[in-house]
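Number of protein chains: 2
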Amino acid sequence: MAAAAAAPAATSVKADYEALCKKLKEVSALSGISGLLGWDEMTMLPAGATESRAAQKAALAGVLHEKQTEAELGELLRRLQAANLEGELDAFELANVREAARDYKKLTAISKDLAQREAELESRGYQAWVKARQESDFSAFAPVLQEWVNLRQEKAALVDPSVPVYDCLLDDYEKGMTAARLDEIFSQVKQGLVPLLAELRQRGQAPSDEWLKGEYDTKQQAELCNKIAVDLGFSLDHGRLDVSVHPFTGGTHPTDVRMTTRFKKEDLTEGITGAIHEMGHSLYEQGRNLEYDGLPVNSALGMGVHESQSLLWERMVGLSRPFAAYLLPLMRQYFPQLPADKTPDDLYAALNIVKHPSMIRVESDEVTYPLHIILRYELEKALIEGKIAMEDLPALWNEKMKSYLGCLFGYFPTYSLGAMYACQIFQAAQRELPGLDEDIASGSFGRLKGWLNEKVHKVGSLHTSGDELMKAVTGAPLDPQIFLDYLKHKYTELYQL
Amino acid sequence: MAAAAAAPAATSVKADYEALCKKLKEVSALSGISGLLGWDEMTMLPAGATESRAAQKAALAGVLHEKQTEAELGELLRRLQAANLEGELDAFELANVREAARDYKKLTAISKDLAQREAELESRGYQAWVKARQESDFSAFAPVLQEWVNLRQEKAALVDPSVPVYDCLLDDYEKGMTAARLDEIFSQVKQGLVPLLAELRQRGQAPSDEWLKGEYDTKQQAELCNKIAVDLGFSLDHGRLDVSVHPFTGGTHPTDVRMTTRFKKEDLTEGITGAIHEMGHSLYEQGRNLEYDGLPVNSALGMGVHESQSLLWERMVGLSRPFAAYLLPLMRQYFPQLPADKTPDDLYAALNIVKHPSMIRVESDEVTYPLHIILRYELEKALIEGKIAMEDLPALWNEKMKSYLGCLFGYFPTYSLGAMYACQIFQAAQRELPGLDEDIASGSFGRLKGWLNEKVHKVGSLHTSGDELMKAVTGAPLDPQIFLDYLKHKYTELYQL
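As they're listed, the protein sequences go chains X and P.
This note's numbering puts the first residue of the first sequence at 1, with every later residue one more than the last.
This note's numbering puts the first residue of the second sequence at 1, with every later residue one more than the last.
Just so you know, the hints here were simulated from the structure itself, not pulled from any lab data.
There's no promise every hint is true.
Identical chains share a label here; the pair holds if one copy fits it or two copies do between them.
Unchecked claim - Think about it this way: if two alpha-carbon atoms lie no more than 25 angstroms apart in a straight line, the pair counts; the simulated SDA-like pairs of lysine to any residue are:
no. : residue 1 : residue 2
1   : Lys488    : Glu432
2   : Lys25     : Glu122
3   : Lys131    : Asn150
4   : Lys112    : Glu66
5   : Lys264    : Ile388
6   : Lys105    : Arg431
7   : Lys213    : Leu393
8   : Lys67     : Cys21
9   : Lys22     : Ala71
10  : Lys25     : Asp113
11  : Lys22     : Tyr126
12  : Lys23     : Thr108
13  : Lys227    : Phe445
14  : Lys219    : Leu236
15  : Lys105    : Arg78
16  : Lys14     : Glu41
17  : Lys67     : Gly35
18  : Lys22     : Glu118
19  : Lys25     : Ala180
20  : Lys112    : Ser162
21  : Lys22     : Glu86
22  : Lys458    : Ala54
23  : Lys190    : Asp16
24  : Lys67     : Phe138
25  : Lys342    : Glu41
26  : Lys25     : Met44
27  : Lys227    : Met44
28  : Lys22     : Glu120
29  : Lys23     : Gly62
30  : Lys22     : Gly62
With the hints as constraints, model all of the structure from the sequences given.
Take a look at the structure:
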């Protein structure tokens with residue numbers, strides 16, 4: 001203390017950075033284990049073991065929290081942020097320090113008490129929601145939801161009181177995104193989509209998928225989808241394909257990505273598009289840069305970008321005309337009962353029906369889905385900003401209470417952002433990879449995967465926002481017009497407007 | 001410090017005990033996770049993910065070590081051991097304090113440096129062994145083995161310099177056992193077995209298993225064995241059955257016991273007896289007392305007792321005459337090609353052939369196996385006591401170097417102890433459960449399982465040694481004569497001596 005005015009201790013930046021990396025890698029390994037506990041719970045765990053698994057998850061979460069908030073980690077970050085890092089660290093290394101500091105700040109801002117109240121409310125809230133839903137009684141759920149809103153506001157005030165509440169929450173799921181930017185994007189989408197949907201409804205000629213109706217053995221479906229996943233580039237050396245009630249992509253590490261699918265015997269195409277969707281998530285995970293293994297720069301940029309990778313493969317590739325040329329012969333190999341006279345164009349049309357265009361539905365097609373998301377976004381933002389009263393919520397929108405649980409407030413917009421990112425990234429890929437359509441039609445997906453590996457997967461969290469990533473990959477920030485043009489062009493033709 | 005002479009802080013024994021349990025349960029949950037990492041590695045892990053799994057295991061092992069050696073835990077144990085616990089804690093609670101203190105003492109005795117040298121040598125030693133074995137060059141492996149012996153001696157001196165080195169190491173695997181007691185047991189076994197084996201070899205008429213030769217679909221074998229496991233009492237609600245290259249029983253908790261088996265299409269009986277063996281381990285795990293969930297009293301008493309449970313089911317039940325009456329009709333259901341004229345007695349005889357009685361072999365039958373173990377025991381004890389020189393080892397016994405790796409020194413005796421415990425426990429069960437043979441012949445295993453649950457499984461580590469457990473369950477410490485009489489009686493009849 002007496003020597004406080006003397007020169008700072010001669011700890012070199014490099015040594016501090018190495019010490020930081022060691023700690024971050026330990027946290028990453030423990031997070032990987034947490035991924036295994038989750039995957040195993042969904043696919044393997046015996047029914048009678050849920051309590052012991054909950055205890056295991058809680059114990060590991062406690063350890064992770066201790067490690068992520070320990071004072072020594074904070075001290076390393078403080079020193080590194082105070083030091084002049086120019087010339088000492090490269091862009092990826094700088095991003096590691098930035099992201100680690102961001103996570104540390106967020107995690108240490110919240111008191112243990114608040115974290116426990118959140119966990120308690122999450123469990124109690126779910127039970128309250130289930131009961132309220134069974135009894136169609138929103139008033140029984142409203143107090144819990146109000147508690148949740150209050151807790152989120154409390155959290156945002158602790159994490160960063162200098163930004164609007166919704167922005168602070170949004171940042172958990174979509175780094176660098178703000179409500180102002182979302183308003184701009186979503187209002188443009190709404191203006192373009194509403195008339196397109198009206199036109200589809202009034203004048204469109206829906207294609208037919210009658211010829212796809214039938215029964216399809218689910219084991220055969222699983223084999224077909226595994227073949228597609230491997231064709232698209234999923235590495236079985238670095239991942240597994242399993243079946244679960246709720247399809248998801250998880251795992252423990254970029255070399256151990258675990259993707260699950262589900263199949264219904266009466267619906268062949270849902271299983272295929274679902275599998276391609278998860279495969280897109282998996283390729284993002286498998287594509288990370290192992291040079292930065294276990295470090296924050298190597299994590300996903302955000303939920304929106306993750307969703308952009310699943311939707312790029314599902315929609316831009318899987319629902320495209322060239323893909324149908326690859327897919328139809330393959331479907332016939334596994335299901336010879338498919339009518340012989342149908343062409344890839346028939347399959348393309350059938351896969352792209354805008355279902356029930358007169359109803360707003362969750363898990364709907366690519367045209368109506370964004371409107372559904374925008375509705376949720378507007379309501380949750382108004383709630384968190386205190387602009388609407390809880391009791392008015394059912395009147396405003398009484399369909400889906402589930403959406404107001406769990407990871408709510410900041411999470412939903414990422415769904416639609418993903419669709420728009422996907423469209424813009426794919427347009428850039430088409431520009432840079434001449435003959436991409438022919439590749440896809442012939443089942444050669446390697447160039448596209450390689451391009452995404454370089455442009456998106458390996459840069460992980462190097463950039464500070466989705467817009468920055470879009471600039472680096474496509475030359476411009478997210479432009480919703482690209483998405484609108486794509487939809488308009490595609491459906492004008494398909495529905496013969 | 002000034003008040004050091006005043007009364008101690010009024011921390012109640014109960015409060016300290018509760019605080020201890022909380023810490024122990026956390027460690028238990030983390031150990032359960034470690035079990036999942038191991039199971040997953042053997043059954044599910046993609047080939048390209050071994051490095052990341054190694055990092056995950058190391059990270060979790062580090063956390064476990066931190067938790068198991070933290071000063072606060074030591075302080076709680078110190079206070080509890082200094083307090084008068086009579087009347088405050090019951091027998092199970094006292095055993096928790098005793099076992100926790102024992103583990104803490106062992107773990108904190110070793111320096112971090114020694115633990116790291118051990119881990120390093122284990123990995124380097126394995127590679128050296130593989131190479132030496134390929135080149136049949138013991139001299140290339142001898143220095144590593146000598147290092148291993150030295151490290152074990154160093155460890156024993158740190159853990160408890162007041163007992164002989166071998167006893168200290170033995171205690172890791174078989175609580176309360178000593179070399180003096182082992183010498184006593186094994187010399188009696190040797191004296192009884194050697195003449196029996198000689199007689200079998202000279203005068204015995206080996207039964208025939210020719211009629212069992214053939215090809216058996218491995219999927220059908222797996223289904224048959226799953227049926228047997230469930231009949232024997234394995235709960236699928238609290239465990240899983242899978243296939244792996246090396247059969248083992250693992251899992252994360254008594255409610256999540258994971259057993260694996262393997263099958264060869266040319267050997268029907270090996271798959272069945274192997275599955276029954278693992279099932280015995282599984283029943284021990286599933287049978288633990290959940291009232292003491294996550295506490296040390298609820299852990300296995302030792303490797304010998306664990307092996308006693310697998311061998312009780314494998315040998316006392318699975319290789320018994322009444323079991324053959326249950327098994328043969330079941331085998332016929334799954335494999336109708338089995339000859340119709342064979343009887344349960346023929347099956348009983350075929351299952352109990354003493355294979356190659358002229359050769360000493362690992363994984364041999366119940367008569368020759370103990371001699372094999374005794375050989376190992378005598379050699380490893382002489383090595384660790386410095387009574388034989390490393391360079392004489394190949395001459396003394398040059399068959400199996402693998403045995404001298406990993407968990408060596410103190411581990412091997414538990415194999416044969418298990419067989420003897422099993423025999424004595426089963427004899428007690430026969431005494432206390434009249435009609436047990438008829439139960440087994442009709443496929444009713446519930447009474448035996450229930451008896452084992454009460455007598456052995458639920459008492460976990462309540463007792464301080466295998467001898468104490470034997471006294472509680474059978475009325476006397478381990479008596480090798482029971483094992484010898486069993487073998488003599490069984491094989492005199494089978495081989496018509």
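Tested hints:
no.	hint	in the structure
1	Lys488 - Glu432	within (23 angstroms within a copy, 82 angstroms between copies)
2	Lys25 - Glu122	between (29 angstroms within a copy, 24 angstroms between copies)
3	Lys131 - Asn150	within (22 angstroms within a copy, 65 angstroms between copies)
4	Lys112 - Glu66	both (11 angstroms within a copy, 21 angstroms between copies)
5	Lys264 - Ile388	neither (41 angstroms within a copy, 68 angstroms between copies)
6	Lys105 - Arg431	neither (40 angstroms within a copy, 67 angstroms between copies)
7	Lys213 - Leu393	neither (39 angstroms within a copy, 73 angstroms between copies)
8	Lys67 - Cys21	both (13 angstroms within a copy, 22 angstroms between copies)
9	Lys22 - Ala71	both (15 angstroms within a copy, 24 angstroms between copies)
10	Lys25 - Asp113	between (27 angstroms within a copy, 22 angstroms between copies)
11	Lys22 - Tyr126	neither (38 angstroms within a copy, 27 angstroms between copies)
12	Lys23 - Thr108	both (16 angstroms within a copy, 24 angstroms between copies)
13	Lys227 - Phe445	within (13 angstroms within a copy, 45 angstroms between copies)
14	Lys219 - Leu236	both (18 angstroms within a copy, 24 angstroms between copies)
15	Lys105 - Arg78	within (11 angstroms within a copy, 38 angstroms between copies)
16	Lys14 - Glu41	neither (40 angstroms within a copy, 35 angstroms between copies)
17	Lys67 - Gly35	both (17 angstroms within a copy, 22 angstroms between copies)
18	Lys22 - Glu118	between (30 angstroms within a copy, 22 angstroms between copies)
19	Lys25 - Ala180	neither (35 angstroms within a copy, 48 angstroms between copies)
20	Lys112 - Ser162	within (22 angstroms within a copy, 46 angstroms between copies)
21	Lys22 - Glu86	within (21 angstroms within a copy, 47 angstroms between copies)
22	Lys458 - Ala54	between (34 angstroms within a copy, 23 angstroms between copies)
23	Lys190 - Asp16	neither (49 angstroms within a copy, 62 angstroms between copies)
24	Lys67 - Phe138	neither (40 angstroms within a copy, 45 angstroms between copies)
25	Lys342 - Glu41	neither (42 angstroms within a copy, 46 angstroms between copies)
26	Lys25 - Met44	between (27 angstroms within a copy, 23 angstroms between copies)
27	Lys227 - Met44	both (23 angstroms within a copy, 19 angstroms between copies)
28	Lys22 - Glu120	between (33 angstroms within a copy, 19 angstroms between copies)
29	Lys23 - Gly62	both (16 angstroms within a copy, 12 angstroms between copies)
30	Lys22 - Gly62	both (19 angstroms within a copy, 13 angstroms between copies)
In the structure shown, a violation is registered for the earlier hints numbered 5, 6, 7, 11, 16, 19, 23, 24, 25, in ascending order.
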